[in-house]
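For the sequence shown, the tail end lands on 123 under numbering that gives the first Met the number 0, and the numbers increase by one without skipping.
Each hint should be verified, as a subset may be incorrect.
[To be verified] What follows is a set of in silico ranges between Cβ atoms, one per label pair, in the way DEER data are often shown: (1) SER7 x LEU29: 16 to 24 Å; (2) LEU29 x SER104: 35 to 43 Å; (3) ARG107 x SER73: 21 to 29 Å.
The set of hints was computed from the structure by calculation and includes no laboratory data.
Yeah, the Cβ is synthetic: ideal placement off N, Cα and C, and Gly gets one too.
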Amino acid sequence: MSNRISISESEWQVMKIIWNDPPQTLQEILEKLKHTDWSKTTIQTYIARLVKKGALSTKRQGKGYLYYPAISESECQLAESQNFLRRVYDGSLSSMVSGFVKSKSLSREELDALKALIEEQEEK
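Please model the entire structure based on the sequences and the hints provided.
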């Protein structure tokens, strides 16, 4: 996935459904998104955008299509994280982490996990 591809919050909801149990038909996606109160047309628009962006691929099945993820969830998370980091912190990971640490929004467990990651990277 290109770092320039951006997936909206609504598109993330569609992708999470498909990542969770691929492939999915339109009817399956509609059923799993009925709690959103989005119209069928709105959901079809999100799917079409995701196909155009290269996040979903399709395969004809009868009168409809099966939708498959064309990218993994981890690839998409990484690309979105890099976009966020570039946009908000001018690409500085240390500035971002520093901001979270200083805001005291990290739990003791999260701080310990960060320390362990840093130590692991230092050993490499």
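Hint by hint, here is what the structure shows:
no., hint, result
1, SER7 x LEU29: 16 to 24 Å, "18 Å, holds"
2, LEU29 x SER104: 35 to 43 Å, "37 Å, holds"
3, ARG107 x SER73: 21 to 29 Å, "26 Å, holds"
Checked against the numbered hints given earlier, the structure satisfies every one of them.
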